[in-house]
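Engineer: Construct all of the structure, not just a fragment, from the sequences and the given hints.
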Amino acid sequence: MDETSREERAALAVNKSVDGATERKLIEAAQDGDQHAFGQLIRLNQKRLFRFVYGLFGSFDATEDIVQEAFVKAYSAIDRFDLQFTFYPWLATIARNLAFNYREREQRKESLDQLQESGFDPQTAQLGPFEQLLNDEAQKRFYQAVKALPIKYREVFVLRHFEDQSYTEIASILKIPPGTVDSRLYRARQLLLESLKDLL
Amino acid sequence: MDHGYFQDRLSAYHDRSLTPEEMRMVEEHVAACAECRKQLEMLAKLDRLIDEKADLTESDYWETAAQKTEQRLGFKKESKITIIRRSWTGLGWKLAAAAASVAALTFIALHEGDILDSADQRMQDSPTVSAPVVPDMAVTHRADSSDRRVHEQDALMPEDKEVRTDFAEPEKPGRVVAGKGVVKEALVSKKGIAAEDKREKVEPSPSLDAEREPGSEPAPAPVETVDELLEQVEGVVTNASGEIFVRGGRAGEVADIVDSSHGRMEGQSRAGAAIPSATDATEEKRDIGKTITVTGSRDIIERFKVSNQVAVTHESLETTDDTRSLDHWRMVRDSLQPQIRTQLRKKQHAVEKSTRYADRPPGISPSPPPPDSASDRQTQLQRYLEACYQIALQTEDESEYDDAVAVLTKYAEREDTSLQKLARRYLKLLEDFHK
Numbered sequence: 001m002d003e004t005s006r007e008e009r010a011a012l013a014v015n016k017s018v019d020g021a022t023e024r025k026l027i028e029a030a031q032d033g034d035q036h037a038f039g040q041l042i043r044l045n046q047k048r049l050f051r052f053v054y055g056l057f058g059s060f061d062a063t064e065d066i067v068q069e070a071f072v073k074a075y076s077a078i079d080r081f082d083l084q085f086t087f088y089p090w091l092a093t094i095a096r097n098l099a100f101n102y103r104e105r106e107q108r109k110e111s112l113d114q115l116q117e118s119g120f121d122p123q124t125a126q127l128g129p130f131e132q133l134l135n136d137e138a139q140k141r142f143y144q145a146v147k148a149l150p151i152k153y154r155e156v157f158v159l160r161h162f163e164d165q166s167y168t169e170i171a172s173i174l175k176i177p178p179g180t181v182d183s184r185l186y187r188a189r190q191l192l193l194e195s196l197k198d199l200l
Numbered sequence: 201m202d203h204g205y206f207q208d209r210l211s212a213y214h215d216r217s218l219t220p221e222e223m224r225m226v227e228e229h230v231a232a233c234a235e236c237r238k239q240l241e242m243l244a245k246l247d248r249l250i251d252e253k254a255d256l257t258e259s260d261y262w263e264t265a266a267q268k269t270e271q272r273l274g275f276k277k278e279s280k281i282t283i284i285r286r287s288w289t290g291l292g293w294k295l296a297a298a299a300a301s302v303a304a305l306t307f308i309a310l311h312e313g314d315i316l317d318s319a320d321q322r323m324q325d326s327p328t329v330s331a332p333v334v335p336d337m338a339v340t341h342r343a344d345s346s347d348r349r350v351h352e353q354d355a356l357m358p359e360d361k362e363v364r365t366d367f368a369e370p371e372k373p374g375r376v377v378a379g380k381g382v383v384k385e386a387l388v389s390k391k392g393i394a395a396e397d398k399r400e401k402v403e404p405s406p407s408l409d410a411e412r413e414p415g416s417e418p419a420p421a422p423v424e425t426v427d428e429l430l431e432q433v434e435g436v437v438t439n440a441s442g443e444i445f446v447r448g449g450r451a452g453e454v455a456d457i458v459d460s461s462h463g464r465m466e467g468q469s470r471a472g473a474a475i476p477s478a479t480d481a482t483e484e485k486r487d488i489g490k491t492i493t494v495t496g497s498r499d500i501i502e503r504f505k506v507s508n509q510v511a512v513t514h515e516s517l518e519t520t521d522d523t524r525s526l527d528h529w530r531m532v533r534d535s536l537q538p539q540i541r542t543q544l545r546k547k548q549h550a551v552e553k554s555t556r557y558a559d560r561p562p563g564i565s566p567s568p569p570p571p572d573s574a575s576d577r578q579t580q581l582q583r584y585l586e587a588c589y590q591i592a593l594q595t596e597d598e599s600e601y602d603d604a605v606a607v608l609t610k611y612a613e614r615e616d617t618s619l620q621k622l623a624r625r626y627l628k629l630l631e632d633f634h635k
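Protein chains in written order, with the working numbering: chain A, 1 to 200; chain E, 201 to 635.
Any given hint could turn out to be false.
Short, incomplete list of chain E residues facing chain A, as computed with Cβ under 7 Å [claimed, not checked]:
1. Ala212
2. Ser217
3. Cys236
4. Met242
5. Lys245
6. Leu246
7. Leu249
8. Ile250
9. Lys253
10. Leu256
11. Thr257
12. Trp262
13. Ala266
14. Glu270
15. Gln271
16. Gln620
Simulated pairs of lysine-lysine, DSS-like, Cα-Cα distance not exceeding 25 Å [as the list claims (entries may be wrong)]:
17. Lys140/A <-> Lys245/E
18. Lys238/E <-> Lys25/A
19. Lys152/A <-> Lys175/A
20. Lys197/A <-> Lys610/E
21. Lys197/A <-> Lys238/E
22. Lys152/A <-> Lys109/A
23. Lys152/A <-> Lys197/A
24. Lys140/A <-> Lys197/A
25. Lys73/A <-> Lys175/A
26. Lys109/A <-> Lys175/A
27. Lys152/A <-> Lys245/E
28. Lys610/E <-> Lys25/A
29. Lys25/A <-> Lys628/E
Read the hints as simulated data drawn from the structure, not as lab findings.
Even for Gly, the Cβ is constructed at its ideal location relative to N, Cα and C.
Structural biologist: Written out as structure tokens, the structure reads:
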């Protein structure tokens, strides 16, 4: 699967819910203080954002908090949003920064063992309330496998596969060399292939 | 370079993220290495699995989550209306305007069995009931106001359930407001007879008798006049001026815009069913004919038909140029604007005055304006809002459109009044129209 087709699919994923012109009008209306318009932006983007944040965290409760917080921050900054860009990447950046800050805070508060118990554990395959958002057993298996990835592999995998980021963008976001992105992604894929081989 | 070197690069090769030189080298290796080809195949399968399984399911959870976020943002429960502004690409707009069509639902309310019989006789001569509706041919039914029950405005809008749409033009009745829908000619029989009629949709009715159950007698007529009939029909009300309103909307939905007119049935050539002139229904109680024009989406028309026992015998889709001209609405707007501004100034002045003399004894405080003048102001404001809506609908001038929408938005954001509901309704109609 090449880069272009991936981007096309990403565009399709966005456009199946709302086209660019409609999104711009919603943002314009939200900038004018239209709460209903921002409500629509929430509904259009929250699912994808939730998947992204959950992919990074593996914790349902933390994801709920961060997604909500991301929308609150986005609303407070909506006036400054430049309409020549699309909404989701901007929103995802807000959420990602919140997520990383949250993780750092939590890591300072808790020891690694405690983190593992509280849902940050990359080795824990329990999905908890997240299961209500899944369709079937195979999907549950998929997310269990993703959640079981060590965090350094998982975040690269999520940025690449859920957020369609390029190697360069991932390197920039995670502040790691592009070669490391390559190797971590390779490793993440190997682990997933191993755990999901019966579904392939 | 050994196999391991290339194997480590397969993932990046799969993503086309290697340099051109590396891409070429890996490609050459893969062509010769079955194991690497197998590995690439597995990576492609993994991609497909991710595509299939990564999307989270639709669930009630998302709406609940959105509402929680809105709550946290302090959003009001009742959302404001979002206006999706129309595209100003000229052709698209013209096409949209041309596509706007009139939903005219015309029905004949048949009174007694003898009317049915006489209609039957005429229908045998010409069984097709499919004359085109010409709304302007109809004249206003101005019944004696004593014959009609006057409905208070508040009674029309019980607790957000329904939206009144009382903005019919008195001097040019039968007007059709542009909207989406169809022109329909229909038969409405009185309650008790129309059970079969209700299921009739498009096919012309060969005979009214055929629509009755064999051997059954028509139920006693529950009404004697058109007005009584209308009073009993759910959602139909009349005001003191004899204008008829049909309410079909619920909160959040687009309500019906109804102009009503009566009579001139002989002029409409209803397939030979030469119903005698009923220009004055108070006198012609035996021959009851009603033409009601309903504008709205197909959905609204369908709801109206069901709730009002309307059996459609002919259906056609027509575009119309029957709307009043933009100039007319500009004139209405311009004529009302100074009065409304004066009223606003007076109102502000009165508020200031009453605040200034708030400590005076009650007897000295300024008396409220008489109810009649308040009612006039209300009517003027309603007409003003309608003019703004029509201008927004028709104008090609973007700034004029913006001004008109700004007025509607201003009233839509007011405190909960009938004007707010009316303005919100117009905005919703505009939004739907642009969609």
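Engineer: Work down the list of hints and note, for each, if the structure agrees.
Structural biologist: So, going through the hints one by one against the coordinates:
1. For Ala212/E, the suggested interface contact is upheld, since its CB lies about 5 Å from the closest CB of chain A, less than 7 Å.
2. About 5 Å separates the beta-carbon of Ser217/E from the nearest beta-carbon of chain A, less than 7 Å, and the hint is met.
3. At a threshold of 7 Å, the smallest CB-CB gap from Cys236/E to chain A is about 13 Å, leaving the interface hint violated.
4. A distance limit of 7 Å between C-beta atoms decides the matter here; for Met242/E the minimum to chain A is near 5 Å, and the interface restraint holds.
5. Because the smallest distance between the Cβ of Lys245/E and any Cβ of chain A comes to about 4 Å, under 7 Å, the interface hint for this residue holds.
6. Taking 7 Å as the C-beta contact cut-off toward chain A, the hint placing Leu246/E at the interface holds, the least distance being around 6 Å.
7. For Leu249/E, the interface hint holds, the least distance from its beta-carbon to any beta-carbon of chain A being 6 Å, beneath 7 Å.
8. Annotation: Ile250/E was flagged as interfacial toward chain A, and the flag holds, the nearest CB pair being 5 Å apart, inside 7 Å.
9. For Lys253/E, the interface hint holds, since its Cβ comes within 7 Å of a Cβ in chain A; the closest pair sits about 4 Å apart.
10. Taking 7 Å as the C-beta contact cut-off toward chain A, the hint placing Leu256/E at the interface holds, the least distance being around 4 Å.
11. Here the hint on Thr257/E is kept, as its CB sits about 5 Å from the closest CB of chain A, short of 7 Å.
12. Interface restraint check: Trp262/E against chain A, minimum CB-CB distance 6 Å, threshold 7 Å, status holds.
13. At a threshold of 7 Å, the smallest CB-CB gap from Ala266/E to chain A is about 5 Å, leaving the interface hint in force.
14. Nearest Cβ of chain A to the Cβ of Glu270/E: about 6 Å, under the 7 Å cut. The hint holds.
15. Look at Gln271/E: its Cβ only gets to about 10 Å from chain A, farther than 7 Å, so that hint breaks.
16. Hint status for Gln620/E: violated, given a least beta-carbon distance of 15 Å to chain A, over 7 Å.
17. Restraint check for Lys140/A and Lys245/E: the C-alpha separation of about 18 Å stays at or below 25 Å, so the hint holds.
18. Restraint check for Lys238/E and Lys25/A: not satisfied, since their Cα atoms lie roughly 47 Å apart, outside the 25 Å limit.
19. Taking the CA atoms of Lys152/A and Lys175/A, the gap is about 12 Å. The hint holds against a cut of 25 Å.
20. Using a Cα cut-off of 25 Å, the hinted pair Lys197/A and Lys610/E is violated, with the two alpha carbons roughly 61 Å apart.
21. Restraint check for Lys197/A and Lys238/E: the C-alpha separation of about 13 Å stays at or below 25 Å, so the hint holds.
22. Proximity of Lys152/A to Lys109/A is assessed by CA-CA distance (about 20 Å); at most 25 Å being required, the pair is judged to hold.
23. Between Lys152/A and Lys197/A the CA atoms are separated by roughly 22 Å; this keeps the pair inside 25 Å, and the hint holds.
24. Restraint check: the Cα-Cα separation between Lys140/A and Lys197/A comes to about 15 Å, which is no more than 25 Å; the hinted pair holds.
25. With a CA separation close to 24 Å, the supplied pair Lys73/A and Lys175/A stays within the 25 Å bound.
26. Annotation: proposed proximity of Lys109/A to Lys175/A holds, straight-line Cα distance about 23 Å (limit 25 Å).
27. Annotation: proposed proximity of Lys152/A to Lys245/E holds, straight-line Cα distance about 23 Å (limit 25 Å).
28. Among the hinted pairs, Lys610/E with Lys25/A is consistent with the structure: their alpha-carbon atoms are about 19 Å apart, no more than 25 Å.
29. Taking the CA atoms of Lys25/A and Lys628/E, the gap is about 16 Å. The hint holds against a cut of 25 Å.
In summary, the structure is inconsistent with hints 3, 15, 16, 18 and 20 from the numbered list given earlier, while agreeing with the others.
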